[in-house]
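S.K.: For the protein sequence lines, the chains are W and X, in the order given. Numbering-wise, this note's numbering puts 118 at position 118 of the first sequence, and it's gapless, one number per residue. Numbering-wise, this note's numbering puts 119 at position 119 of the second sequence, and it's gapless, one number per residue.
Please note: incorrect hints may appear among the correct ones.
[Stated by the list, open to error] List time: in silico SDA-like cross-link candidates among lysine to any residue, alpha-carbon distance up to 20 Å:
1. W/K23 <-> X/P198
2. X/K202 <-> W/E200
3. X/K175 <-> X/P203
4. W/K122 <-> X/N9
5. W/K23 <-> X/D7
6. W/K177 <-> X/I224
7. X/K202 <-> W/Y25
8. W/K52 <-> X/N32
9. X/K202 <-> W/K177
10. W/K23 <-> X/N32
11. W/K203 <-> W/K52
12. W/K23 <-> X/Q130
Calculated from the structure, these hints are not laboratory results. Source: prediction; values computed, not measured.
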Amino acid sequence: MNFQVNEVRQWIELTNEKIQRNKEYLTELDQAIGDGDHGINMARGFQEVVNKTSSSEYTSVSDILKDVAMTLMSKVGGASGPLYGTAFLKMSMALKDKDVVDYNSLVLAIDQALQGIIQRGKANEREKTLVDVWAPVVKFLQDRTTFHADKLIQVAEKAMDDTKDLMAIKGRAAYLKERSIGHLDPGSVSSYYLFQSLGEAIKGGS
Amino acid sequence: MKKIINDPNQVVQDMLAGIVSAHPDDVKQVPNTTVIARKDAPVANKVALVSGGGSGHEPAHAGYIGKGMLDAAVAGEVFTSPTPDQVHEAIKAVDSGNGVFLVIKNYTGDVMNFEMAAEMAAAEGIQVEQVVVNDDVAVEDSSFTTGRRGIAGTVFVHKIAGAKAEAGGSLEEVKGVAEKVVANVRSMGMALTPCTVPAAGKPSFTLEDNEMEVGMGIHGEPGIERKVISSADAIAEELTGKVLEDIDYSNSEVAVMVNGLGSTPEMELYILNNKVQQILSDKGINVYKTFVGEYMTSLEMAGCSVTLLKLDDELKELLDAPSSAPAFRK
């Protein structure tokens, strides 16, 4: 597995492409159970991230992840900005001083990101939030010792699909209670794009 | 979408510039931010009040900046909470050393972004306290859910906490009175039409010609119930009834706010108010003061909300105190 500055750059660019392509779809999902701005906010934020990272030079994975975090925090807004921003900040902190990111370090970093999301959003599993994608992904990664891109993508996709049948407890969808059942959680869908892109970036780089 | 805008991505910046040029004696924009502040901020020896949220709720929040109300308001994108760095800029711009008080509406994004900003400010040695407003009775309050939303009742928190700060109250005292308002204020809203977020370009939900949506918040999100539209009197009974169920207002004095959501004529708000007053009178609830108009809107949504605030002598005095805020001059 190779996870250096170039892979992070590719990860972010692939995520941005998927979000830009699915901006309307994310917004429609959010209109059903939220306030309809998830696609707009994520598209604005990730475009800024790519603008920032593509015009900067980095010597460490930690530094580029930190820039991603700060840009998301200052450009996205809503609940997604602090949640995704915190996730990338925790990854950056976990990988500080690592010259080479091996599998265990990456898994630890993603777990730290999940813990950050839980802490910031005060959410638990099965409350129909992005935690419902991040938690199964972390568990899957922890149960292995090497990186499997295809299986990671499958796990993330299934976790995303599973949010459909949940009743929202956290976030704006919680106000709809039973009416939230039957809809995918928009944050889980954008989290799926993130892990799908991670798989593609690492596979492409190895 | 048919709106008087230039570029959907520039609506917030264009609006902020317009606000400053409309009220140059009252407010200023903090350079390179989406923060509007009192012209004379930071005001020496005074606790500063900062509020804000997504844009699209005008005159909230910048309209409530002035002597006796807010020191700064932070504007996010339309219906999207402002980011922590912007809230942080607002806190820094108005702190006089006496501390900063944040008034936050209970939406997940607002709470997270304001909390992060408070952490950033606290790390720099600025004293920060906060209150989370959750006046909307449409949604249940339970420890298992996100809790109630903050809607039009927030304006009473701005007014009363602002008056307390202006009168020289300490950060703890401002927080105390703000919490008292939050404990005694309840609202409930309904909509006749959805609204269109400029960047989305289409309405957030659809309603048939004969339908109304009851119990929605102020972001164009769906409400708790959709039904066939009824008369103004029936709507007043439904909204006021839900509010009265929640707190025991009997034998008390209240402030009433009948709030328009953006495209409801004053005529309709006054018709509604008529029945609200009658309901309260029949129940022996004494109306101390009534506010009818647009205080917390939802872009061009047609609809309204009814807010009741149970008053005591302290709250009455602070409600009556002078305010120079353009949207709440008294």
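S.K.: Taking the hints in turn, state whether each one holds.
M.R.: So, going through the hints one by one against the coordinates:
no.: 1; hint: W/K23 <-> X/P198; result: 15 Å, holds
no.: 2; hint: X/K202 <-> W/E200; result: 34 Å, violated
no.: 3; hint: X/K175 <-> X/P203; result: 38 Å, violated
no.: 4; hint: W/K122 <-> X/N9; result: 31 Å, violated
no.: 5; hint: W/K23 <-> X/D7; result: 18 Å, holds
no.: 6; hint: W/K177 <-> X/I224; result: 9 Å, holds
no.: 7; hint: X/K202 <-> W/Y25; result: 13 Å, holds
no.: 8; hint: W/K52 <-> X/N32; result: 18 Å, holds
no.: 9; hint: X/K202 <-> W/K177; result: 25 Å, violated
no.: 10; hint: W/K23 <-> X/N32; result: 28 Å, violated
no.: 11; hint: W/K203 <-> W/K52; result: 24 Å, violated
no.: 12; hint: W/K23 <-> X/Q130; result: 34 Å, violated
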